[in-house]
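Peer 1: Sequence:
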Amino acid sequence: MQTAPPVARMSGHSLHRRKNFTIKAVHNHQNYRIWTSESPLSDKLITHSQHPQSVMVWAGICASVKKPLIFVDPGVKVNKDYYLREFFQRVVKPRFKSHFDRRVWIFQQDSAPAHKAKEVKDWCKANFSGFISAQE
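Plus 349 on top of the position in the sequence shown (first one is 1) and you've got the working numbering.
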């Protein structure tokens, strides 16, 4: 087992994550309990949506710089093509190239389906000085 290196030595290490946030939380019977002798009907009815509103946010995290959040337009399916075009080519590569210039840095991604595509991994290996894929 290895311990993670201190952040001071990881200034060229960049983590990236996409997260879907739902606007309305899902009701959980274990967490929402009502203790009463008389319960109004409105407390018994639980409404839910098959497709709740949500917002997808992308964040790039690095020890030496704060990167602005990127909000994905509603309804957009983040597949390998969108991921390459909108995130890597338009956002990640220009921002990190200007920040790190010629210094070596490592790009690490998680195991989201768009990240595991061969085309995405090949592009990352060709365009980033260091790359850790989801499988590594």
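Source of the hints: derived by calculation from the structure; they are not laboratory data. Glycine included, every Cβ here is placed at the ideal spot set by N, Cα and C. A hint or two may mislead.
Claimed, not checked - List time: in silico DSS-like cross-link candidates among lysine-lysine, alpha-carbon distance up to 27 Å:
1. Lys415 - Lys474
2. Lys465 - Lys442
3. Lys446 - Lys465
4. Lys426 - Lys470
5. Lys446 - Lys415
6. Lys429 - Lys467
7. Lys426 - Lys474
8. Lys465 - Lys416
9. Lys429 - Lys446
10. Lys470 - Lys416
11. Lys442 - Lys426
12. Lys446 - Lys474
13. Lys426 - Lys465
14. Lys416 - Lys429
15. Lys442 - Lys467
16. Lys470 - Lys415
17. Lys429 - Lys442
18. Lys442 - Lys416
19. Lys442 - Lys415
20. Lys442 - Lys474
21. Lys446 - Lys470
22. Lys429 - Lys465
23. Lys474 - Lys429
24. Lys467 - Lys446
25. Lys467 - Lys426
26. Lys429 - Lys415
Said to hold, decoys possible - Using C-beta positions, here's what the derived DEER-type ranges look like:
27. Pro401 - Arg452: 39 to 45 Å
28. Gln379 - Gln438: 43 to 49 Å
29. Trp384 - Arg439: 49 to 55 Å
30. Ser386 - Pro417: 48 to 54 Å
31. Asp422 - Thr385: 41 to 47 Å
32. Ala412 - Arg451: 17 to 23 Å
Peer 1: Are the hints correct? Go through all of them and say.
Peer 2: Verification of the supplied hints:
Proximity of Lys415 to Lys474 is assessed by CA-CA distance (about 23 Å); at most 27 Å being required, the pair is judged to hold. Taking the CA atoms of Lys465 and Lys442, the gap is near 18 Å; set against the 27 Å cutoff, the hint holds. Between Lys446 and Lys465, the direct Cα distance comes to roughly 23 Å. Compliance with the 27 Å bound is thereby established for this hinted pair. For the hint linking Lys426 to Lys470, the alpha-carbon distance of about 19 Å falls within 27 Å, and the restraint holds.
For the suggested pair Lys446 and Lys415, the alpha carbons sit about 14 Å apart, so the restraint of at most 27 Å is met. Note on Lys429 and Lys467: the hinted pairing holds, with a Cα-Cα distance of about 9 Å set against a maximum of 27 Å. For the hint linking Lys426 to Lys474, the alpha-carbon distance of about 24 Å falls within 27 Å, and the restraint holds. For a cut-off of 27 Å, the pair hint linking Lys465 to Lys416 stands: about 23 Å separates their Cα positions.
Restraint check for Lys429 and Lys446: satisfied, since their Cα atoms lie roughly 22 Å apart, inside the 27 Å limit. The hinted pair formed by Lys470 and Lys416 meets the criterion: a straight-line CA distance of about 22 Å does not exceed 27 Å. A threshold of 27 Å between alpha carbons decides the hint, and for Lys442 with Lys426 the separation of about 21 Å falls inside it, so the pair holds. A C-alpha spacing of about 15 Å is found between Lys446 and Lys474, which places the hinted pair at or below 27 Å, so the restraint holds.
For a cut-off of 27 Å, the pair hint linking Lys426 to Lys465 stands: about 16 Å separates their Cα positions. Between Lys416 and Lys429 the CA atoms are separated by roughly 22 Å; this keeps the pair inside 27 Å, and the hint holds. Taken as a hint, the Lys442 and Lys467 pair is honoured in the structure, with Cα atoms around 18 Å apart against an allowance of 27 Å. A C-alpha spacing of about 24 Å is found between Lys470 and Lys415, which places the hinted pair at or below 27 Å, so the restraint holds.
For the suggested pair Lys429 and Lys442, the alpha carbons sit about 16 Å apart, so the restraint of at most 27 Å is met. Among the hinted pairs, Lys442 with Lys416 is consistent with the structure: their alpha-carbon atoms are about 12 Å apart, no more than 27 Å. Using a Cα cut-off of 27 Å, the hinted pair Lys442 and Lys415 holds, with the two alpha carbons roughly 15 Å apart. For the proposed pair Lys442 and Lys474, the alpha carbon gap of about 12 Å is at most 27 Å, so the pair holds.
Distance check on the hinted pair: Lys446 and Lys470 sit about 18 Å apart at the alpha-carbon level, within 27 Å; holds. Between Lys429 and Lys465, the direct Cα distance comes to roughly 8 Å. Compliance with the 27 Å bound is thereby established for this hinted pair. Note on Lys474 and Lys429: the hinted pairing holds, with a Cα-Cα distance of about 15 Å set against a maximum of 27 Å. Using a Cα cut-off of 27 Å, the hinted pair Lys467 and Lys446 holds, with the two alpha carbons roughly 23 Å apart.
Taking the CA atoms of Lys467 and Lys426, the gap is about 18 Å. The hint holds against a cut of 27 Å. A C-alpha spacing of about 25 Å is found between Lys429 and Lys415, which places the hinted pair at or below 27 Å, so the restraint holds. Here the CB-CB span from Pro401 to Arg452 is close to 42 Å, well matched to the stated 39 to 45 Å. At about 44 Å, the CB distance of Gln379 to Gln438 agrees with the hint of 43 to 49 Å.
Checking the proposed 49 to 55 Å range against Trp384 and Arg439 shows it holds: the Cβ atoms sit about 53 Å from each other. Distance hint check for Ser386 and Pro417: the Cβ-Cβ separation is about 52 Å, which falls inside the suggested range of 48 to 54 Å. Hint check: Asp422 to Thr385, Cβ distance near 44 Å, so the stated range 41 to 47 Å holds. Between Ala412 and Arg451 the beta carbon distance is about 18 Å. The supplied range of 17 to 23 Å therefore holds.
Hint violations for this structure: none, all hints satisfied.
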